[in-house]
Amino acid sequence: MWQLIRIELFKIFKKPRTYIAFGAIAAIVFLIQFAFYSDGDEYMAFLLKSVNETFTLEGKLLNGYFICYIILQTLLLHVPLLIALVSGDMIAGEANMGTLRLLASKPVSRTGLILSKFIAATVYTLALLTFMAILSLFGSMLIFGVSDLIVFKTEMFVVLESDDVFWRYIAAYGFAALSMITVSSLAFFLSVFAENSIGPIIGAMSIVLICTILISMDIPFFTEMKPFLFVNHMLNWKGFFDRPVDYAEVLKSALVLIFHIILFVSLTIFVFKRKDILS
Amino acid sequence: MMRSILIIGLMLFLQPVSAQDETALVENLKAKLAKVNDYKATGKMKIDVSFINAPASNINVFYKRPNKFRLKKANGISILPKGGVSININSLFVNDNYKAVSAGEKAVNGVSTKAVMLIPMEENSEVVLMTLYIDEKNLLLLKTSITTRESGSYEMDMSYGKFSNWGLPDKVVFSFNTKDYKLPKGLTLEYEKGGKKKEAKIQNKKGSVEISYSNYIINKGVDEKEFASDKL
Amino acid sequence: MNILHVENLTKHFKEIKAVDDLSFSVKKGEVYGFLGQNGAGKSTTIRMLLTLIKPASGSIHVFGKDLRDNRKTILKNVGAIIEKPDLYKYLTAFENLKLMAQLSGCRCSKQELMNQLERVGLSERADSKVKTFSQGMKQRLGIACALIHDPELIILDEPANGLDPHGIADMRNLILHLSKNEGKTILISSHLLSEIELIADSMLIIDKGKKVAEGSVSVLLNPSDTLVEIETTNDALTKTEIGNSKWAEYLQHGDRILLKMHRQSIPELNKHLVYAGIDVTNIQAKHSLENYFLSLTTGNQHVATYQD
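Residue numbers (our numbering), protein chains in the order written: chain A, 1 to 279; chain B, 1 to 232; chain C, 1 to 308.
One thing to keep in mind: the hints can contain errors.
[Stated by the list, open to error] One side only, chain B facing chain A, incomplete, derived with CB under 8 Å: (1) Lys32; (2) Lys35; (3) Pro55; (4) Ile77; (5) Ser78; (6) Ile79; (7) Leu80; (8) Pro81; (9) Leu183; (10) Glu190.
Because the hints were derived from the structure by calculation, they are not lab data.
Note that the Cβ used here is the ideal one computed from N, Cα and C, for glycine as well.
Isolated chain A, as found in the complex:
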């Protein structure tokens, strides 16, 4: 099994498209950091519009922790596409290239093949998240310094003292990794049905996008649906920025995501074991 995983990792990191994601993340992070460096006050003023009528806020609001939060909030909407780019290609891409029939005719089990591919895709996801963490957290801390973090929610904002923030980011990145692995498993699952990676990539992204739109709309019908959408639970990395942290809810979301991962991977194995490989 380790052999298979090594082979899959070798293939992933030899493919040029893998590095698109790293480049894209670096570009987005730098752009956001640059934008805030040059003109972050206006954005801050907008967020604090109603607050500024009653309160005066002083101190380094625009600090590394805040910038990192904004980056995470933005990136975790777009990183799923970059994840799907690789995961959606894992099986469909091989079918398209004609190499799937080579793999499936080797003395390796189909289950082992799928698991090794999924684990390799997961390693890629973790590598991407780590890269993102280094740039967005450490990079922002370096450029903007650190201070208390203000987290803006819909009906309130939370102030977190600066020495109480760093561990939250580590936990949030861990949770974000789980979220991204869920997206990866979805794209991976769709990949088993296609012979071209475009389909699974777009399919996975469409599902994530539609669900994201639904959860951002304040319509009662959609509000009822939210707890059942895994995309909603993906947002609960924000739960670590609450006072106090609702560990029960965060754990619940984590379990929902883990359930989806197991479900998608199991279904992938089930379908692949029965699939006639005609490509």
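Please build the complex by placing chains B and C on the supplied structure of chain A, with the hints as guidance.
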């Protein structure tokens, strides 16, 4: 009839004396507070506002006569209600141009106080009306209600301890009205808990900031740079 | 000893029977030709042998073991090229070969891998990415990948596809070498009779998923054997008489009566039928069994088995 005339006469005669009492009382209080030229204080600040979730934080407070006041969180972000400069009672009396009117007596936290309304004579004064509740016996300001032109109305409740001789409180509770706070869901993208929807919390329109002072360093000088504004 | 034994193999894709009750055996050390037009069911059969497709029914035994229950063990000893050898274009020849070797369970050293590349004439292009390779080079690399773990059974599906005449000749020589000098068993599928003719020991002809003919190549494609078509006034009696004869084998093709016989025996057949009271309205000699193969693409067939 004569008795009535006598009583009315006495009241009319006594009133100017009463008015003098209010003014004198306020002047005495002012004089007591004026003994403080500057101070550095340490304390803890707690914010109780429905839409702010912030921990109690350690703060440093700086004051310099006549009205330089700064409340700072060491290495942090401080959230002060607007008009927060008035949290400092020493700055209340910057302006001499006011008329003092007695508003009777009132018990504040079980202590009998004299209520004095200060009406600013200046037309463009930011403060429209100020009511002081003074513990006459100890010459301490226990409560004040302030109505301002731009920053709304607020109240301050003071309690005193070892610095009462200086007129510096151990605890100040600053109460004020708040506006609604709301950001679009599409911007905040919050996690929805689901389940039985809790009744929408009616945003409490009132908030308070409580400052507990642990120590004052009085009249030892304060650097001007302490009053410089931090970059947002 | 049969290296490969297939029995009653069937596969449908929805309503289409791609492989219909197919049975055949491949002996150890022989080159077995698998002949049929495009879409006859050759690739489907080969994919079933390599567990890429699940049969609807039937059994496959390789090295005496049931493929269903001993998949990994069997496939460790099987090398294959399925249609054109698609490899990882973004990897080099060496990387592709190493990867395939590892997947096949082969712990090959770098030298062994280089030797294999040399064997197929690609040692100088070991570090070139496959996307820069011509079709012939890809085919050679495919062969290297199929043989790197020294398999006993080699399955080649249309290996000459896309090759120029020089490449085809090289392929042929390699197959003969593997079979004659290294004792490998090779199953090779093709739609080109000419290719099978030159290298196969035995062959099977498949059409519309069904076996049409099977036997040793020398017997099936004996140039001295001629295909004769007869038309008579009494087909039933004709079939009986031919069945009783010793010098003609009866093959049916739709309504036509086809016989395989020596050309010199044609007059004798004619006489025999006339004496039996059958009026012969037409008797025609075709060139060779190649025509028979070409004519096997429509209608019902009777399976004739030719044994040495």
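Numbers of the earlier hints that this structure fails to satisfy, in rising order = Violated hints (numbers, rising): 1 and 2; every other hint is consistent with the structure.
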